[in-house]
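Visitor: Listed here are the chains, written in short residue letters.
Number of protein chains: 2
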Amino acid sequence: MSLRPELTHASVPLIEEVEVVDELGRPRPAWLPGERPLTVYLDKRELVTLMTLGGAPEHLVLGYLRNQRLVDSIEEIAAIQVDWETESAAVTTRSGVDRIEERTARRVVTTGCGQGTVYGSLLDEIDGVRLPGDAMLDQATLYAIIDTIRLQQSVYKQAGSVHGCALFQGSELLIFIEDVGRHNAVDAIAGRMWLEDMSGADKVFYTTGRLTSEMVIKAAQMGIPFLLSRSGVTQMGYQMAQRVGITLFARCTGKHFLLYTGRERFRHAQPTPLTAEGAPA
Amino acid sequence: MSLRPELTHASVPLIEEVEVVDELGRPRPAWLPGERPLTVYLDKRELVTLMTLGGAPEHLVLGYLRNQRLVDSIEEIAAIQVDWETESAAVTTRSGVDRIEERTARRVVTTGCGQGTVYGSLLDEIDGVRLPGDAMLDQATLYAIIDTIRLQQSVYKQAGSVHGCALFQGSELLIFIEDVGRHNAVDAIAGRMWLEDMSGADKVFYTTGRLTSEMVIKAAQMGIPFLLSRSGVTQMGYQMAQRVGITLFARCTGKHFLLYTGRERFRHAQPTPLTAEGAPA
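Residue numbers (the working numbering), protein chains in the order written: chain A, 1 to 281; chain P, 1 to 281.
What the hints contain is simulated information worked out from the structure, not anything from laboratory work.
This one's a predicted model, so the numbers in the text were calculated from it and none came from an experiment.
Treat each hint with caution, since some may be false.
Any copy, or any two copies together, can satisfy a pair, since identical chains are not distinguished.
What the hints assert, rightly or not - List time: in silico SDA-like cross-link candidates among lysine to any residue, alpha-carbon distance up to 20 Å: (1) K255 with G25; (2) K255 with V21; (3) K255 with R36; (4) K255 with P29; (5) K157 with L258; (6) K255 with R26; (7) K44 with L151; (8) K157 with R230; (9) K255 with E23; (10) K255 with R28; (11) K157 with L173; (12) K44 with E6.
Next comes chain A alone, as it looks inside the complex (with noise of 0.2 Å):
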């Protein structure tokens, strides 16, 4: 692998324990979702302050920049230290940012979850994404993710208030991360994926948030053919989702699943039913 940049490993408590009053005035423990802020500075210039759960940081900073489209390569960074005591990552590249003032400065704003910014043209992007036209998902491998996620030891189960988003490889889980934003935990994902050089055409990518715009939008970026969500869609998640040719998935639990586009590059488990005319449905 090319030059990688150097990472701290800062790690923070995840979830904290408070004391609550129920319906009947008694007193009783809940777990909280750890929601910090994190400013990050790239080459000691300020840039943006991100709430995050914390599972990782640096990750998150990495697809951050990645996915704001404010740096190139992976190779122009030379490190990122996080420090929670300050509340900081401090990005140092290894040259500068080319046109750091521009990228900055020109902003679109999507908003599938509130009032998300993304630096730079996201839209002009999307139509030059190719995802690949020959992969293909399984039914049994599917519900194999579905039950993946089911099992899988999360904040969620302890203290709810956060979303998860996973990439698989076939049914294989190579990355779940949690945080207070699905959009965190996809930049994390993205991160992770820049860092390692990996490849989105034989991936899923999984997530427990609603399938919005951005989120749509992100998933082709990393070039991920497959997306699922254990919730819903919206009107343009689904007009993104068409738009840019991603097999999409929503409603996915337990052994049901709604699939909304991208149908060619999925294999249900049994022949497709006849409709009541005898035409294929």
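Following the hints, position chain P against chain A.
Guide: Okay, now just chain P, sitting in the frame of chain A:
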């Protein structure tokens, strides 16, 4: 009431039907909530593109301007014209915005659910918030609120993938707004409150979404002493609630809820039970 802006009443379909395929290979309909870009221009200056369901675009824009502290007073706004054809909201002020460069340049990004942008320094402001100490909520009213939400007609019931926010006075529902982003829904309520010069002091704010730091901050900025969620709380949401002294309930469903902070404003339906040691629990 003093000078108010002229507003369009732009409407747009909130739900789209599409055909999907289920786990048995059967085609079936599914419903998607709308998600549309709405680019906000402040005196012809492009400000931001919000992705929204589109249920209350004028109120959303008002609340966005308010919560980002881009405009100080509602009287300064002459008109908001939303046009779905061009996906734009044109805000016209009566006499320009003071220090507009500075206001839009300084950016504190808070990201409860991703990478949300808040212009200006929210945290400084929070410490100036004073919520009424004598406001009280009793358990019967809390249950009435939860039940009203349960019975409310909603995009969520048909299409899922949206968050709802509501404003109550006692058990009376005053405003109910859904959007693809929690932040948009709360901004739309803030916009309507601003427009109608409503005080938050005797109100209850309800949201289906998680209570991250940003949601707590926004409720406090509206001057609302009670914050309810069907979902959970993050660590910083909890810390912010303690800091501003808001009364925060989460996991509100049916007859269940947890009271996290600001217990002094809540009247339980029955006396606090004694612990095994005989001391009040």
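Visitor: Within, between, both or neither: how does the pair K255, E23 come out at a Cα-Cα threshold of 20 Å?
Guide: Result: close only across copies, 7 Å inter versus 35 Å intra.
Visitor: With identical chains treated as interchangeable, where does the CA-CA distance between K157 and L173 reach 20 Å or less: within a copy, between copies, both, or neither?
Guide: within (18 Å within a copy, 33 Å between copies)
Visitor: Within a copy, between copies, both or neither: where do K44 and E6 come within 20 Å Cα-Cα?
Guide: within (17 Å within a copy, 45 Å between copies)
Visitor: Tell me, please, which holds for K157 and R230 at an alpha-carbon limit of 20 Å: within, between, both or neither?
Guide: both (15 Å within a copy, 17 Å between copies)
Visitor: Evaluate K255 and G25 at a C-alpha cut-off of 20 Å and name the case that applies: within, between, both or neither.
Guide: between (39 Å within a copy, 13 Å between copies)
Visitor: 20 Å Cα cut-off: does K255 pair with P29 within a copy, between copies, both or neither?
Guide: between (34 Å within a copy, 19 Å between copies)
Visitor: Classify it for me, K255 with R26: is the Cα-Cα distance of at most 20 Å met within a copy, between copies, both or neither?
Guide: Only across copies: K255 and R26 sit 14 Å apart there, 38 Å inside one copy, limit 20 Å.
Visitor: Using 20 Å as the alpha-carbon threshold, which applies to K255 and R36: within, between, both, or neither?
Guide: For K255 and R36, neither the intra-copy (36 Å) nor the inter-copy (32 Å) Cα distance is at most 20 Å.
Visitor: Between copies, within a copy, both or neither: which fits K44 and L151 at Cα up to 20 Å?
Guide: neither (42 Å within a copy, 52 Å between copies)
Visitor: From the Cα coordinates, with 20 Å as the cut-off, is the pair K255 and V21 best called within, between, both, or neither?
Guide: between (37 Å within a copy, 14 Å between copies)
Visitor: As a check of your reading, is K157 near L258 (CA-CA no more than 20 Å) within one copy, between copies, both or neither?
Guide: For K157 and L258, the Cα distance is within 20 Å only across copies (17 Å; inside one copy 24 Å).
Visitor: Classify it for me, K255 with R28: is the Cα-Cα distance of at most 20 Å met within a copy, between copies, both or neither?
Guide: between (35 Å within a copy, 17 Å between copies)
Hints 3, 7 from the list above are not met by this structure, while the remaining hints are.
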